[in-house]
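**Q** Chains as they are written, first to last, in this note's numbering: chain D, 51 to 378; chain B, 51 to 378.
Read the hints as simulated data drawn from the structure, not as lab findings.
Where hints are given, some of them may not hold.
It does not matter which identical chain is used: a pair holds within one copy or between any two.
PhoX-like cross-link-like pairs, simulated, lysine-lysine; straight-line CA separation at most 20 Å [unchecked claim]:
{"no.": "1", "residue 1": "Lys132", "residue 2": "Lys148"}
{"no.": "2", "residue 1": "Lys322", "residue 2": "Lys228"}
{"no.": "3", "residue 1": "Lys53", "residue 2": "Lys191"}
{"no.": "4", "residue 1": "Lys100", "residue 2": "Lys53"}
{"no.": "5", "residue 1": "Lys228", "residue 2": "Lys53"}
{"no.": "6", "residue 1": "Lys375", "residue 2": "Lys148"}
{"no.": "7", "residue 1": "Lys228", "residue 2": "Lys217"}
Each chain, written out:
2 protein chains.
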Amino acid sequence: MDKIRIGILGYGNLGKGVECAVKQNEDMEVAAIYTRRDPASITPLTEGVKVCHVDELETPQDIDVLILCGGSATDLPEQTPKYAKMYNVIDSFDNHSKIPEHFAAVEAAAKEGGKMAFISFGWDPGLFSLARVIMTAALPKGENYTFWGKGVSQGHSDAIRRIEGVKDARQYTIPVEKALDAVRAGENPELTTREKHTRECFVVAEEGADLDKIKNEIVTMPAYFADYDTTVHFITEEEMKAEHSGLPHGGFVIRAGKTGWEEENNSICEFKLSLDSNPEFTSSVIVAYARAVHRMAAEGQIGCKTIFDVPISYAFPQTAEEMRKHLL
Amino acid sequence: MDKIRIGILGYGNLGKGVECAVKQNEDMEVAAIYTRRDPASITPLTEGVKVCHVDELETPQDIDVLILCGGSATDLPEQTPKYAKMYNVIDSFDNHSKIPEHFAAVEAAAKEGGKMAFISFGWDPGLFSLARVIMTAALPKGENYTFWGKGVSQGHSDAIRRIEGVKDARQYTIPVEKALDAVRAGENPELTTREKHTRECFVVAEEGADLDKIKNEIVTMPAYFADYDTTVHFITEEEMKAEHSGLPHGGFVIRAGKTGWEEENNSICEFKLSLDSNPEFTSSVIVAYARAVHRMAAEGQIGCKTIFDVPISYAFPQTAEEMRKHLL
């Protein structure tokens, strides 16, 4: 059987994660990595895989699915519609408020090119969205709760790094156990921002910096920290490197619903992720659904789809018959 | 908008659960309840709904989807293929080893009749199966674990009731916390039957019965209890009625997977249910997917499908556009 030929656009954390995930899927191979950098500056993990400049995508490449590994702020709004005209594509666009706009642009492009395009795959948006919808479909009467963490927030870490006197920083978002317990108990609490998550910051300060001033600037920072209970720890560069170099993350989607004629019974559904590597797991989800992109395109389907539109059978390597026998 | 007209065949715990779930879905209504009993002996919860003898299904009824609420041992193997020739149907067939056989029979019948048929919906099979497949698709390297409980096992309760001197019994299946913790920690343990679940039994004995003999018969019963750590409590009829009349259940599907080039990182995915009423939740899942049956049939699709084949968008009341905007 011919392997599904995957193109990777962008070789940061996500692109490397895609490369690792493809290695775990026997029916796939990395055909090429595309980059805006000098291709000679990149050494892929996969032996023998070619690294090309992004411009080569302008002439048709021998790939089945192009996985777009750029950022949602500026890369994907431009790249996904552009390449959906020429290739079957999948992205992890995660700017929730701009999804309708992104969908419209990608849908138009994919239809123009006769290609299949999947957007917003990963875990949130992605598996968490799917969990929310399944639980809400089954339990129309109820409340949804999403908690994130414990995990590193890149945006919050960057915000701390911009403070004067800060050399490096890492911020962990941590769900509040008491809130989780109340939700799991079916109490359907109304939770404030402060009651749902705490924020823990590890900061390497420059020599001679005013630590109290840095700490105060962090905990009072609007939008990022002011609405949360925030703790700040000053550590050395060595400690930062030794203990905080990973990108763990995770979270919980919980629906607390009611069943029964008088809504007298609780049904609590919970989907939980605990990830040593956030980008590697995100990539793993994308790669599974790249299989679905390929299969739908092979059937002649075109246009844009999200995780709500794709039967899981398309993303799974086994046949429907095998799945019914072993997994249903 | 016309409501989706639901027929309910069988008015036990599951049929009543369907009736309760339909009440929570504004785009549906119970058209009729069909029973093998004397229809006059049944008083539905829904005001004004008609109760018919099952034989009336032989002449075409004005229903969009017939929900089959019988048992998997003898009812569904006969009923689902039979009615799939005449109606769009959905069942909760849960005899895992016989699913391929059941699928083949229902597929042939639905195609013959030009109808849409869904089989094995509920939570296991059903949502748990879907969780297993999604997690396995995303994490090809890893192990799946399923734990059940805490919840009432009807089969084990019945087995105790057949012992001489037992008037009534209720058996709870309980997952072992230590095993759950090891799985969640990514230790990928190999677990024996005894290490995964314990069994707790509440027994009302007949007056003068030999309690030690009953207890011994329970804990040594092959297949049901001999391989488990089992505790037995003798209680009064009043205690049984007051404290053990519900049908709670639930469980956990956990995939402990690896990501990274050398599989050096853990990704733990967990889907958990905690249900005050097992039959009501099962019914709620079935009713949501009855919407998908209706929509697929309206598109002219025919044949048999399982939860692996159905995009969640078909089971959700909102439009794809609304779902992308609010839930992705």
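**Q** Going back to the hint list, which numbers does this structure go against?
**A** 5 and 7
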